[in-house]
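Using the sequences plus the hints, can you model the full thing?
Protein chains: 2
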Amino acid sequence: MTFSVTILGSNSALPTSTRYPSAQILNVSERFFLIDCGEGTQMQLRKYRIKFARINHIFISHLHGDHCFGLIGLISTLGLLGRKVDLHIYAHKDLEELLGPHLEYFCADLPYEIIFHHLDFKNQKVIYEDKRVVVESFPLIHRVPTCGFLFREKEKEPNIRKDAIIRYNLSIRDIVSIKQGNDFVEEGGNKIPVEQLTVASPRARSYAYCSDTRYCRRILPIINEVDLLYHEATFTHELKKLATQTSHTTARQAATLARDANVGKLLLGHFSNRYKKLDDFIVESSDVFNNTVLVKDGDTFHVANQESK
Amino acid sequence: MTFSVTILGSNSALPTSTRYPSAQILNVSERFFLIDCGEGTQMQLRKYRIKFARINHIFISHLHGDHCFGLIGLISTLGLLGRKVDLHIYAHKDLEELLGPHLEYFCADLPYEIIFHHLDFKNQKVIYEDKRVVVESFPLIHRVPTCGFLFREKEKEPNIRKDAIIRYNLSIRDIVSIKQGNDFVEEGGNKIPVEQLTVASPRARSYAYCSDTRYCRRILPIINEVDLLYHEATFTHELKKLATQTSHTTARQAATLARDANVGKLLLGHFSNRYKKLDDFIVESSDVFNNTVLVKDGDTFHVANQESK
Chain A
820 MTFSVTILGS NSALPTSTRY PSAQILNVSE RFFLIDCGEG TQMQLRKYRI
870 KFARINHIFI SHLHGDHCFG LIGLISTLGL LGRKVDLHIY AHKDLEELLG
920 PHLEYFCADL PYEIIFHHLD FKNQKVIYED KRVVVESFPL IHRVPTCGFL
970 FREKEKEPNI RKDAIIRYNL SIRDIVSIKQ GNDFVEEGGN KIPVEQLTVA
1020 SPRARSYAYC SDTRYCRRIL PIINEVDLLY HEATFTHELK KLATQTSHTT
1070 ARQAATLARD ANVGKLLLGH FSNRYKKLDD FIVESSDVFN NTVLVKDGDT
1120 FHVANQESK
Chain B
820 MTFSVTILGS NSALPTSTRY PSAQILNVSE RFFLIDCGEG TQMQLRKYRI
870 KFARINHIFI SHLHGDHCFG LIGLISTLGL LGRKVDLHIY AHKDLEELLG
920 PHLEYFCADL PYEIIFHHLD FKNQKVIYED KRVVVESFPL IHRVPTCGFL
970 FREKEKEPNI RKDAIIRYNL SIRDIVSIKQ GNDFVEEGGN KIPVEQLTVA
1020 SPRARSYAYC SDTRYCRRIL PIINEVDLLY HEATFTHELK KLATQTSHTT
1070 ARQAATLARD ANVGKLLLGH FSNRYKKLDD FIVESSDVFN NTVLVKDGDT
1120 FHVANQESK
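These protein sequence lines map, in sequence, to chains A and B.
The opening residue of the first sequence carries number 820 in my numbering; numbering runs sequentially from there.
The opening residue of the second sequence carries number 820 in my numbering; numbering runs sequentially from there.
Just so you know, the hints here were simulated from the structure itself, not pulled from any lab data.
Just so we're clear, the structure is a prediction, and the values are computed from it rather than from any experiment.
Don't take every hint at face value.
Note that identical chains are pooled: a pair holds if it fits in a single copy or bridges any two copies.
[Said to hold, decoys possible] In silico DSBU-like cross-links for lysine-lysine, where the CA-CA straight-line distance does not exceed 35 Å:
#1 K870 to K1059
#2 K1115 to K1096
#3 K941 to K975
#4 K1060 to K903
#5 K950 to K1059
#6 K903 to K1115
#7 K1096 to K1010
#8 K1096 to K973
#9 K866 to K1060
#10 K1010 to K1084
#11 K1096 to K866
#12 K903 to K1095
#13 K1115 to K1095
#14 K870 to K1060
#15 K1084 to K870
#16 K912 to K981
#17 K1010 to K944
#18 K903 to K1096
#19 K1059 to K1115
#20 K1084 to K1096
Quick look at the structure:
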């Protein structure tokens, strides 16, 4: 079962030919979640061979162009490809109003429905849920209303050992009870501990996306112990003042959050194009939190399907 | 003096990772004219190292998304780069209305002015003119109002030979008269023919852009003898019926126009993505008009600065 994130765009507002504006795709057991949709996202999806049809949910963190200018092109292309399935877009309410006339003019014959979900920029909120995954939005601090997104696999019940079913002749009712964590009591009164009857299910994995935002420690409980944390690092710490002024984060600040939230791995992106080399980002981040990666367009990061501790 | 066109996007509505939607840049003596602006144009400009600041005029043939979805991103980036100079956009009048709310929302602090020029889709018209170049729009036949564009260098006066100025002691008045094509008469009455006194100036070069359009023979006098003709060829001739239905052109039809207009070179693009290989396009086009090229993103085609015939 896959749990991976692929970077489609890793730059800040001014894209280059190798670093496109913000967009990522999260694959949770072949459910594809598109996070932000900067210009060129549809071409990057083609480049990295991600199947368009698998995307049913798009999450837009905020309405700056480098996070959403690719939407209209992608929506149009999905129409030309004959999509029939609803497309859900989670974004600031203004997006629906802004896109409306463009959809009418450029995508009049769209063969599928777009369903807009308006984000709450004040409270942490569950915005999507299915059998396998829960998605929450949470407020960040930027120049315009901005949300981060937290993707968590659901905790699964332990599996019953096949040999135990035979050995103790377990009924469906017994199995339900054991899955709920109860020991099994044989007819003679002999108690078999639940641990002997079950195999732990794979650990629920998690991913948090935080872009764009000022250094914001109040997100620590939300991102606590996620396997992967993507955090913007527009500047190095030398430009801390500019970072604060423009409501962005430095690499060192992002690493501090990763360390204090005890995350598995930190992915840094959204670099300002004033930097010709990114060496300083990795140096100052790794100094605080060792397991840091500077992402590039096309990178994919997997979280292994390990058993629970 | 340069006269060249660089292909930024060569595909039709569904872009791939190597063929972006329609966009081209025409360089006439370092004046850069952007023709159409599909999604990703700004990244292609970076990739092919074309200086953004040199673009002052953008021509949008028609309002289908694959010809204009890159505009808002480019406009925004030009603002972030600190542009101060007016940007002129020549397009259908609806574009101004459609872009308005997006410019207000996403580009509120734009440090330069955008000046919209509304195209006439009924008549051939001069839409831009300076010392060196004239740009005309002319109607094509597509599912929505569509214009082609004709770029022509202005005819230059012949240059006076330096040795003639000394030999005949020519005055400014004499020079003006000779440049107008008059012979020079010496004081004694001896007549020196204008041909002996002048060097022909370089030939005025020309480029015509025709996309998207149904096969349309009435453009023949407009594109007559242009050095370079870019013409859409969405389909091969096998799908002639579909081409007509969707108001597109086949490769053979485009080649027929090139032959009958006696153009220098034919550039074909805007290929439907139903074709995995483009061999048939070149075969059927070359059969009618030999000097045909199937363009790729990144190709540049130069017209040499030859003297007039």
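**Study point:** Indices of hints not satisfied (ascending)
**Key:** 5, 7, 8, 10, 16 and 17
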